[in-house]
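Novice: Put chains B, C, D, E and F on the given structure of chain A with help from the hints.
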Amino acid sequence: GVRSEIALASAQELINKTNEKCFAKCVTKPGSALSSSEETCLSRCLERYMEAFNMISKTYTARLSREREQRQLAQI
Amino acid sequence: GVRSEIALASAQELINKTNEKCFAKCVTKPGSALSSSEETCLSRCLERYMEAFNMISKTYTARLSREREQRQLAQI
Amino acid sequence: GVRSEIALASAQELINKTNEKCFAKCVTKPGSALSSSEETCLSRCLERYMEAFNMISKTYTARLSREREQRQLAQI
Amino acid sequence: MDNFKFDEATQKELATFLEREQAQARINATVHTLTSMCWDKCVTGTPGSRFARGEEGCLLNCVDRFLDTSLFIIKTIEGQRSQLQS
Amino acid sequence: MDNFKFDEATQKELATFLEREQAQARINATVHTLTSMCWDKCVTGTPGSRFARGEEGCLLNCVDRFLDTSLFIIKTIEGQRSQLQS
Amino acid sequence: MDNFKFDEATQKELATFLEREQAQARINATVHTLTSMCWDKCVTGTPGSRFARGEEGCLLNCVDRFLDTSLFIIKTIEGQRSQLQS
Numbered sequence: 001g002v003r004s005e006i007a008l009a010s011a012q013e014l015i016n017k018t019n020e021k022c023f024a025k026c027v028t029k030p031g032s033a034l035s036s037s038e039e040t041c042l043s044r045c046l047e048r049y050m051e052a053f054n055m056i057s058k059t060y061t062a063r064l065s066r067e068r069e070q071r072q073l074a075q076i
Numbered sequence: 001g002v003r004s005e006i007a008l009a010s011a012q013e014l015i016n017k018t019n020e021k022c023f024a025k026c027v028t029k030p031g032s033a034l035s036s037s038e039e040t041c042l043s044r045c046l047e048r049y050m051e052a053f054n055m056i057s058k059t060y061t062a063r064l065s066r067e068r069e070q071r072q073l074a075q076i
Numbered sequence: 001g002v003r004s005e006i007a008l009a010s011a012q013e014l015i016n017k018t019n020e021k022c023f024a025k026c027v028t029k030p031g032s033a034l035s036s037s038e039e040t041c042l043s044r045c046l047e048r049y050m051e052a053f054n055m056i057s058k059t060y061t062a063r064l065s066r067e068r069e070q071r072q073l074a075q076i
Numbered sequence: 001m002d003n004f005k006f007d008e009a010t011q012k013e014l015a016t017f018l019e020r021e022q023a024q025a026r027i028n029a030t031v032h033t034l035t036s037m038c039w040d041k042c043v044t045g046t047p048g049s050r051f052a053r054g055e056e057g058c059l060l061n062c063v064d065r066f067l068d069t070s071l072f073i074i075k076t077i078e079g080q081r082s083q084l085q086s
Numbered sequence: 001m002d003n004f005k006f007d008e009a010t011q012k013e014l015a016t017f018l019e020r021e022q023a024q025a026r027i028n029a030t031v032h033t034l035t036s037m038c039w040d041k042c043v044t045g046t047p048g049s050r051f052a053r054g055e056e057g058c059l060l061n062c063v064d065r066f067l068d069t070s071l072f073i074i075k076t077i078e079g080q081r082s083q084l085q086s
Numbered sequence: 001m002d003n004f005k006f007d008e009a010t011q012k013e014l015a016t017f018l019e020r021e022q023a024q025a026r027i028n029a030t031v032h033t034l035t036s037m038c039w040d041k042c043v044t045g046t047p048g049s050r051f052a053r054g055e056e057g058c059l060l061n062c063v064d065r066f067l068d069t070s071l072f073i074i075k076t077i078e079g080q081r082s083q084l085q086s
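Chains as they are written, first to last, in our numbering: chain A, 1 to 76; chain B, 1 to 76; chain C, 1 to 76; chain D, 1 to 86; chain E, 1 to 86; chain F, 1 to 86.
It is worth saying that the hints were derived from the structure and are not from the lab. Model, not experiment: these values are computed from the prediction. All C-beta atoms in this analysis are idealised placements derived from N, C-alpha and C, irrespective of residue type, glycine included. You may find that some hints are simply not true.
[As the list claims (entries may be wrong)] Sample of chain C residues at the chain F side, in silico, Cβ under 8 angstroms:
id, residue
1, 48
2, 55
3, 56
For reference, chain A alone in the conformation it holds in the complex (with noise of 0.2 angstroms):
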């Protein structure tokens, strides 16, 4: 369905920045393969990212709502 496209456009477009992001800030310097300390710093940046993500998603949503709650207001 459109929905599920929808959230699959949405998690791939997740992983991408995540690999863009965690990328440029834990493999600085590429050498012959990832070292234990890169993978170290991936999965912490991976799940930060994913925190940043859903903490701006919910405020996002939430300044949209008062938004709408104000223009219905002014209306009135």
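Specialist: Using the frame of chain A, we list chains B, C, D, E and F on its own:
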């Protein structure tokens, strides 16, 4: 009309870019509200970005017409 | 044909990227004309960017075919 | 197939459904952009097992201040335009 | 509606109009990209009530030097290709 | 023209051809993105007549480590999901 849609899209893009650039420059550590010094910075930044856009728009269209003339001279 | 359109789009993209990267690197303070040292920097940068593109193209396609083989082995 | 038509009620329902889904897709896209931008602004150190002091507050405020900036810019532009017209 | 056709003169006029509008849209897009890129290169300080010395000159030269760079790169590539073919 | 139809074999051949070309276009796009990203990460000095020591190795490793990172992230996410489901 098509013309006003293009102008509207360009104005929208200008606002988006100004927003992105001036937030990056003026709000370096987001606090619980925009401070007055952040707002001063934002309104100056807004003026400067619009000024830069107008300068660059003139320079670019001047260059385009100079190059068009040269091509026409080359065809004689 | 489709094939030559794809190759053309890729060549165009390569020129655009080279332009962007080498202008950023070599023309740090734009003056009233390109200086000879800026031009030297630009022609070296152009060579290096093309070299990097070719290296990365080889590495990436080698990795793709290695992974394809592994998937085929896994299916046996 | 080309001649097949939904009745009017179904067409309206479909349109409402699609509109809501498109709004959701736009919200998703904005959240991705905001996360990317606020991550670059607020998360400056090596990622730890939790956010460093300051990073979390910065992330929470980043979205609201960005939207405030957007409103501030639009208000300023509208103010200038009404000054020019009067 | 699908069978409705403009006469040839109107069709040509429409095509010219649309082409010109598309060219304008492309120019607008380029000006936005150039402004963004030259702003990052030239405007390094906190924005003041006018551009700092150096910032304005940098912005004015930025566009022309970027386009010069573009021409320089294309000329260099064409030079190499003609060397390879001879 | 709209009623013209290729026979089935030709249609299949065409589909295979187009699929392969689209795959090539996707590979090209990825190579451009990887080159841009690895260039910014690895080529930090002024460009010389050859790559500096370290720059070339960095470029060669950059692609493989980026793809390793991608696999590592997907594996971690799948690991967490299977833990949640058990």
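Novice: Is the interface hint satisfied for residue 55 of chain C? The criterion is a beta-carbon contact with chain F at less than 8 angstroms.
Specialist: holds, 6 angstroms
Novice: Are residue 48 of chain C and chain F close enough, Cβ to Cβ, to be under 8 angstroms, as the hint says?
Specialist: Holds: closest Cβ of chain F sits about 5 angstroms from residue 48 of chain C, inside 8 angstroms.
Novice: Min Cβ distance, residue 56 of chain C to chain F: is it shorter than 8 angstroms?
Specialist: holds, 5 angstroms
When the structure is compared with the earlier hints, no violation turns up for any of them.
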